Amino acid sequence: GAGVSQTPSNKVTEKGKYVELRCDPISGHTALYWYRQSLGQGPEFLIYFQGTGAADDSGLPNDRFFAVRPEGSVSTLKIQRTERGDSAVYLCASSPNIGQGGGLDTQYFGPGTRLTVL
Amino acid sequence: DAKTTQPNSMESNEEEPVHLPCNHSTISGTDYIHWYRQLPSQGPEYVIHGLTSNVNNRMASLAIAEDRKSSTLILHRATLRDAAVYYCILRVPQGGSEKLVFGKGTKLTVNP
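Taken in sequence, the protein lines are chains A and B. According to my numbering, the residues represented by the first sequence are 1 to 118, in order. According to my numbering, the residues represented by the second sequence are 1001 to 1112, in order.
Check the hints yourself; a few may be wrong.
Said to hold, decoys possible - Listed below are the simulated DSS-like cross-link pairs for lysine-lysine, each with C-alpha atoms no more than 30 angstroms apart in a straight line:
(1) A:Lys11 x B:Lys1104
(2) A:Lys15 x B:Lys1104
(3) B:Lys1003 x B:Lys1069
(4) B:Lys1104 x A:Lys78
What the hints assert, rightly or not - From the derived model, a few chain A residues whose C-beta atoms are all more than 12 angstroms from chain B:
(5) Thr52
(6) Val68
(7) Glu71
If you're looking for bench data, these hints aren't it; they were derived computationally from the structure. Every value quoted in this text rests on a predicted model; they were computed, and no experiment measured them. Where a beta carbon is used, it is the ideal one built from N, C-alpha and C, also for glycine.
Bound-form chain A, shown alone (with noise of 0.2 angstroms):
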């Protein structure tokens, strides 16, 4: 079946200016994460919903970030006012979540978006 895909695969933008990042998880995955990954880095997670809500933003840097999944499906992550430093590979994942316990569900990743603030 279809993976998680995410779009656009590349975004440039010029500092200041506002992206939006989408991620379309497997079909019926409850559990939703965005990770961020910079070059030569490991990933590192941003935020995580079970659902419509967001059940641990801490991993955001700061409130120029945000991250809605208004129906429990699609997520997009928003970001204000882009800085240089946020220039990463954006990676989104899903989960089933089929209540196997915190920290057992298999997470499945998408290609992610590269993000290049010029």
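Keeping the supplied structure of chain A fixed, place chain B upon it in accordance with the hints.
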């Protein structure tokens, strides 16, 4: 989350076995050991996980030390397609955050 330590890089030849080590000396009794890998220009993908016993699946084997302070991911016959960054991650089974905490991982190079 408990910390893991992995070598920055390893090299192997095609069709030879590869043993990727991970140290997790502060692991707690209920932490699961997970491995993900990230192929070039792709998102990470799940490889395997275990608690105490060694585990096998179609992708790899996971050997866990008796004291659980270390583990080894084993690729039995490396192929060029196995060239990736491999991440060893500890996860709490109940009540812990759902997030994955990645380190820098081990970059595996497979030579033809």
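Against the structure, the hints come out as follows:
1. A:Lys11 x B:Lys1104: holds, 25 angstroms
2. A:Lys15 x B:Lys1104: Judged against 30 angstroms, a Cα distance of about 28 angstroms means the pair holds.
3. B:Lys1003 x B:Lys1069: With Cα atoms ~11 angstroms apart, B:Lys1003 and B:Lys1069 stay inside 30 angstroms; holds.
4. B:Lys1104 x A:Lys78: holds, 26 angstroms
5. Thr52: Given that every Cβ of chain B is farther than 12 angstroms from that of A:Thr52, nearest at about 16 angstroms, it holds.
6. Val68: Holds: least Cβ distance 18 angstroms, greater than 12 angstroms.
7. Glu71: holds, 20 angstroms
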